[in-house]
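Participant: Here the protein sequences line up with chains A and B, keeping their order. Residue numbering for the first sequence follows the numbering used here, beginning at 1 and increasing consecutively. Residue numbering for the second sequence follows the numbering used here, beginning at 1 and increasing consecutively.
Don't read these hints as lab results, they were simulated from the structure. All figures in this text were calculated on a predicted structure; none of them were measured in a lab. Cβ coordinates follow ideal geometry from the N, Cα and C atoms, glycine included. Do not take every clue at face value.
Keeping only pairs whose Cα atoms sit at most 27 Å apart, straight-line, the calculated DSSO-like set for lysine-lysine is [said to hold, decoys possible]:
#: 1; chain 1: B; residue 1: K81; chain 2: A; residue 2: K86
#: 2; chain 1: A; residue 1: K232; chain 2: B; residue 2: K110
#: 3; chain 1: A; residue 1: K232; chain 2: B; residue 2: K103
Just a few of them, taken from the derived set where beta-carbon distance is under 7 Å, the chain B residues facing chain A [to be verified]:
#: 4; residue: L85
#: 5; residue: G86
#: 6; residue: I105
Computed from the model, here is a short list of chain B residues facing chain A with C-beta under 8 Å [claimed, not checked]:
#: 7; residue: K68
#: 8; residue: C72
#: 9; residue: L84
#: 10; residue: H111
#: 11; residue: P116
#: 12; residue: G117
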Amino acid sequence: MDKWYINKGPDSDVILSSRVRLARNFKKYPFPHKTTPEQQRQIIEETKNALFSGNRNMADNFTYIDFTGLDAVEKAVLVEKHVVSKELLETSRISGILLSNDERISIMINEEDHLRIQCLATGMQLSEAWEICTGIDDLLSETIDFCWDENIGYLTSCPTNIGTAIRASVMMHLPALTMTGYIKPVLEALGKLGMAVRGMYGENTEASGNMFQLSNQITLGKSEEDILLSIKNIATQIIEQERSLRQHLLNQNKYQLEDRVFRSFGILKNSRIISTDECLKRLSDLRLGVDMGIIEGISIESINELILSVQPGNLQKREGRILDANERDIVRARLVREILNKQKNY
Amino acid sequence: MLCQLCKKREATVHYTRIVNQQKVEMYVCEQCARENNDLKINIHKLFSAIMGMDEPDGIVEAPFTTLKCSFCGMTIDEFNKTGLLGCAKCYEAFSDSIQTMLKRIHGNVKHHGKIPGKVSGKIRDAYNLRSLKEELQRCIENEEYEKAAQIRDKIKILEKSLQENEG
Numbered sequence: 001m002d003k004w005y006i007n008k009g010p011d012s013d014v015i016l017s018s019r020v021r022l023a024r025n026f027k028k029y030p031f032p033h034k035t036t037p038e039q040q041r042q043i044i045e046e047t048k049n050a051l052f053s054g055n056r057n058m059a060d061n062f063t064y065i066d067f068t069g070l071d072a073v074e075k076a077v078l079v080e081k082h083v084v085s086k087e088l089l090e091t092s093r094i095s096g097i098l099l100s101n102d103e104r105i106s107i108m109i110n111e112e113d114h115l116r117i118q119c120l121a122t123g124m125q126l127s128e129a130w131e132i133c134t135g136i137d138d139l140l141s142e143t144i145d146f147c148w149d150e151n152i153g154y155l156t157s158c159p160t161n162i163g164t165a166i167r168a169s170v171m172m173h174l175p176a177l178t179m180t181g182y183i184k185p186v187l188e189a190l191g192k193l194g195m196a197v198r199g200m201y202g203e204n205t206e207a208s209g210n211m212f213q214l215s216n217q218i219t220l221g222k223s224e225e226d227i228l229l230s231i232k233n234i235a236t237q238i239i240e241q242e243r244s245l246r247q248h249l250l251n252q253n254k255y256q257l258e259d260r261v262f263r264s265f266g267i268l269k270n271s272r273i274i275s276t277d278e279c280l281k282r283l284s285d286l287r288l289g290v291d292m293g294i295i296e297g298i299s300i301e302s303i304n305e306l307i308l309s310v311q312p313g314n315l316q317k318r319e320g321r322i323l324d325a326n327e328r329d330i331v332r333a334r335l336v337r338e339i340l341n342k343q344k345n346y
Numbered sequence: 001m002l003c004q005l006c007k008k009r010e011a012t013v014h015y016t017r018i019v020n021q022q023k024v025e026m027y028v029c030e031q032c033a034r035e036n037n038d039l040k041i042n043i044h045k046l047f048s049a050i051m052g053m054d055e056p057d058g059i060v061e062a063p064f065t066t067l068k069c070s071f072c073g074m075t076i077d078e079f080n081k082t083g084l085l086g087c088a089k090c091y092e093a094f095s096d097s098i099q100t101m102l103k104r105i106h107g108n109v110k111h112h113g114k115i116p117g118k119v120s121g122k123i124r125d126a127y128n129l130r131s132l133k134e135e136l137q138r139c140i141e142n143e144e145y146e147k148a149a150q151i152r153d154k155i156k157i158l159e160k161s162l163q164e165n166e167g
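Pulled out of the complex, with its shape left as it was, chain B reads as follows (with noise of 0.2 Å):
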């Protein structure tokens, strides 16, 4: 389908409003959405509706919006308009909206990658623990048994050692 715009561009976005109480819907291509300030995508919207926070007009929803972070002042609807945290406690402070959103964006909410070499021993046990029991229970899922009872071993030596060290 062509822009309604331009008609020349193929129509990527999808435009719903309402005006007058009627509804009136609209093809058009990105660059015409960007041009065309009536159309413009919000950023403050596109977070909120990530978030889950759309607001029904004329309904506010008042505990999101005093949300602050104690560290660095920053509230949630600025969080909102500009789509940064302003600092690492942020994440702390909005924890809620914040794992909504990274679930409804990333789907998985649990660290896989890299350990900074200063983090200490004991929460790179807790970490490498919890790696190898999802990597367990992926291999029972996939029925690789011999592989699984190695990673059971491990686990089992990893338990140890923690329970050693907090005893």
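Chain A on its own, in the form it takes in the complex (with noise of 0.2 Å):
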């Protein structure tokens, strides 16, 4: 089956994916930090039988991939898929995931909230992420008794998320907003509007390759639709200013962007060895060449699954053994040259 993050969605020229995650917290067991072992497993196996009972669909679209025995590779996988958080990884809980056969959707159990059900779809498709992961809340809330007050609304363990629970984001590439320096104008407007904006990665991370992560901070007072709706609506403005620099810089830049773009895809294929950070800005530069047409024969699905393969956890993964940081630089050069000289026209 096509994973989802390989393909090219609606403006996947600037979006590059979309996520909604909705926080629940079971009314019968305190907050995951204050269970016992034995609570975690009981929430553990409720999920899965609120998820699986019923409905034989759920059983065979869905996995349980256990948290506890599972190695440092895997884990670091599936953060980089954006399927789980960090935080699940340094968790010393009972932890585990359920994951959709397409790793669209996973369902966090034991996170800093009992379940974080979430849904990730490629380009700007936030209604449609929410919309998954509403239905998923149905099914389960008939089984769970999930904590809700009406003043309040859902509640979680961090106050900070109470009400909706809805964390909503979508990734952005932005290089033409970051070469012009115009990004950081936009960065301290979003902050105003209730908006945080982060690196690939979530809290605490830097915007690598140029991608940023937008995302809502208020969860308390607008309905999950409104939330959505707000995050769409600022996206859209920022899509359009990031295609119109992009435009101004090949009018007025040509030769600088093209020799920028060009650089970048000569590195990339003749490189023997490249750092995570210098790929994904190289991979960056290549995307906008391929997006604005300054570059053809590649295509954008390439350079996602590149995005994603060159990361250490993947990295390793594929290459089936432990790499030291100096053998992952030689091994990720190796794996770029493969896939682009794979293009066909070149």
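Fit chain to chain and form the complex, with the hints in mind.
Facilitator: Quick look at the structure:
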């Protein structure tokens, strides 16, 4: 089955992916950090039963992955795919995820909240991701009593997530805004609008490869639809800015832009050692070049695949062994050459 | 303005400290702020500040420190340190502090989103009634009188059914 992250979605020249995540907690248990191992096990079992009972389709489409015994590389792979959060990796609690076969839907169990229901989609598809999340939530609610209060909505272990307990985000590729420095006022304005902007892997990560994650900060007092709409509206504005700046760069600085794109392409096709950071930067240039028609014969899908495959966890999984940082840089350079040289025009 | 420590990145964190009765001000970037232990942003302090519980040195506010949730045993001090509550009942136990905090974070303190399928009809009606009343208020403010009239009719029906259920 095709994994969701390779494919192109709506507005894929700027938006790589959309994500919606709902936090839910069982009424009868304390929040995860106050649960006993026995309760943690029960939460996992009850969630599995709620998802699978009376619904064969779900049982066929979901797999439970136990996190307790999972090795570090497998865990890193899941984080790099955005299927689980870093927090889940670090917890000492008994934890795991229910993952759909296409890896779009994941239910993290015993993270900061008992359940984090998450759906990912390619391109700008926030509403679609929300529909899936709320459907899973409805199904689970048939069996599980979740904490909810008529005044403050769904209760979460951190009060910043209370209410709708929704976190929606879009991953944006903004090379032109970054190159021209206009990204700064944009980021400042977003903070004032109650939006958070982070790097590729959420909290406390830097923006690598000109990727920015835009998400809502406010979860209480607005409906889920309104929250999604405000992210969508803001993202649409940013998309327009980014597109017009790209066009402007092409019109005003054609040679500089082409030079940058082709230099990065050259490095990707020929380097023998490359760090993740440099690789993502060069891939960002390449993606820009392909989106703008400067480079032909390379598919966006192959670049999407590369962005994921060059990350440390995925690289080691593909190689089938643990690699130290130096080895990884060599293996990464080799992989990039292989994938790019497979593309038809080169 | 550039970061005063690395002199490379833009300074985004403004840091003030009192050293020997002298005010020392620094402008640093986020990365240096994170790396420099001396400047480390303390989550405990951040939460206390949001909850309006900054304690001037030497004054301990006794009533807050003894608050405890009877269900899970969480104390308000523990919450201030971790930023996490212990269970659903903590929201009642620490209600005053949490309400203040929610107002500062979210502005609006009433839920406006999804209702779980299992919630009883009565609570659901009460919740819908509240939402309708708020919408009515908005319509009046925006002078959308036709829409307001429709909402008023809906409110009447809901109120009637709620009264009947109670009676």
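Participant: For each hint, tell me whether it holds in the structure or not.
Facilitator: Quick rundown of the hints versus the structure:
1. K81(B) - K86(A): holds (21 Å)
2. K232(A) - K110(B): holds (23 Å)
3. K232(A) - K103(B): Holds, at about 25 Å.
4. L85: holds (6 Å)
5. G86: Given a least distance of 4 Å, the restraint on G86(B) holds.
6. I105: holds (6 Å)
7. K68: violated (13 Å)
8. C72: holds (4 Å)
9. L84: Constraint on L84(B) satisfied, holds at 5 Å.
10. H111: With Cβ-Cβ at 3 Å, under 8 Å, it holds.
11. P116: It holds, given that the least Cβ distance between P116(B) and chain A is near 5 Å, below 8 Å.
12. G117: holds (5 Å)
Checked against the numbered hints above, the structure violates only hint 7.
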